[in-house]
Amino acid sequence: MSQIHLRLRSELSAKVDAASIRLDEWASKSAKEIERVSLPSSTGSVTVGDCFSVSVQSGSEMPRLVLEGCLKSVTGIGFQHKVGEIVCESNVGDYAGSCLLGGRMIVRGDAGDHLGGPIGSRGVGMNGGQLIVEGSAGDDAGHRMRRGEIWIGGDVGDQLAGWMVAGTIGVKGDAGEQIAYGMRRGTLIFGSRVALDERRFSKPIPFRSAYLGLLERGAATNWLHADLLDRLEVCRGDRNIDGRGEVWMPRG
Amino acid sequence: MQLHGVTIEDTFAEAFDMKATRLILTADDRRWCDESAAAMCGFGTSVIACGIETAVEQTLSPEQTPDGRPGVAILAFAVSGKELEKQIPRRAGQCVLTCPTTALYAGIPGGRDVHPKRVPIGKSLRYFGDGHQISKQVQQLDPDGKTRPVRYWRIPVMDGEFVCQHDVGRVDAIGGGNFILVGRSMNSVTVACRAAIDAMRELPGIITPFPGGATRSGSKVGSKYAALFASTNDAFCPTLREVASSELPAEANAAIEIVIDGMSFSEIAESMRVGITAACEAAASEGLLRVTAGNYGGKLGRHHFKLKDLFSGESLGQPEGSP
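Just so you know, the sequences run in chain order A and B.
Position one of the first sequence corresponds to residue 1 (my numbering), numbered consecutively onward.
Position one of the second sequence corresponds to residue 253 (my numbering), numbered consecutively onward.
Check each hint, because a few of them may be wrong.
[Stated by the list, open to error] Okay, the calculated beta carbon distance ranges per label pair: (1) 380/B <-> 198/A: 27 to 33 Å; (2) 384/B <-> 11/A: 32 to 38 Å; (3) 205/A <-> 554/B: 54 to 60 Å; (4) 366/B <-> 53/A: 37 to 43 Å.
If you're looking for bench data, these hints aren't it; they were derived computationally from the structure.
Don't be surprised by glycine CBs; every beta carbon is placed ideally from N, CA and C.
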């Protein structure tokens, strides 16, 4: 398997759409072939080689793509990613991890809006895998999520987990307005208390489960420690649509 | 051959193919865990009448369990995969789901791509949740870069939630490894048996499913009664020494058998070596006369554990394809 490094040549002046980057397809390509792949941008089409210096190393146990440089203007990184690991060493733009299917994507900075959400008219957002953001994320994170895990180490914007079908989202910091609107199933885990719409979510009740021990052991994040897990409460909803989702947060 | 002055007979233990699985049972504290495990493994001594042979394999510390709580590993053996698939959900439903604070996990690592034949646990028990059960998949990224999620069920119960893994793989295994302790008195074989079982208790990959690890009702294949396929091993019954063909020496007045089920041939062989050595060390001076084994002339199974080979370091004659 190969490990691919994309290093941003200089700050991007236009938005670049990286949704056509497919690690599973790129794993068998040479650096030259990757450089020739074209990416849509707001000022016309560019190639990967125009924006990034590309290097490929073989011998990696799993396919791996490492992106370096500020990627705030790059949207759709990790779209439908399914095998291996994508690591973004800095901030990323909107639609990061959109419709993720498997594998893992790590953002060592902040993410824009629509983290893991569907692009365009797609009815399903993230559908498997792990999406880890060490910083904060923007609005509409986890929209229409069906499977998989999203872990956000900072804060998150408005409309988190809108129309969530299932899966797990963890947020260490604060969350914006309108949390889990239309949530059907799935789990939201907060590291600090959040305000939920009382018409849509049940009152919090103390929560204990052996599953918390599993989560503490296996979680892809380090903020789910016993101090937090031992004092969780759970709210259920969205009751407006007979949803059975659950929101965990620490007791006040 | 003599071991600590005890005769090791030149014979072999005859064992047969079985299907097996391993479960990890945890609870908030050791007492709930042990009580649930005792119920789960109760009446699991012999496939002759119990459906499965099952017992605690090892005690697990919180660091060794998936959820960080005290636990045990339980091994279960059946003559067919179908029987295992029937018995495990029944026992889990009645003995683990019912016991406060417990959770049940797969003890055979690997998903459907590694072990395509699976024994249902949460897959069956989830319906107890009456629609309130929650399925959670924990994403697991394997070294090849593929995500293989592990599915758990969270079933609401009166102390909170019963957590149970969806299913567990089943593997080929061996049942019926054995050795027979022959002594001058009941006390001599009791001392020998307890020393053997204590030494074998923490060995991985094996169980001794009978009460205290041993049985006095060792059986032979077949019976004069057509309905029975096993009956008392009259060759080792001291009261029949003068009336039937006997394998007991004149001074022997008691014999008990230690039966071992194991995940592999080598694990059973090692456990027999450890058990026999401990028995001879402890009971040679108490009147343990000899150690022999139950073989049925090849009628029972293809796995033969030659007692002498256990101590010679030679190949144990493991048949091709043995687990």
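Output the indices of the hints that this structure fails to meet, ascending. Number 2 - this is the single hint that the structure violates.
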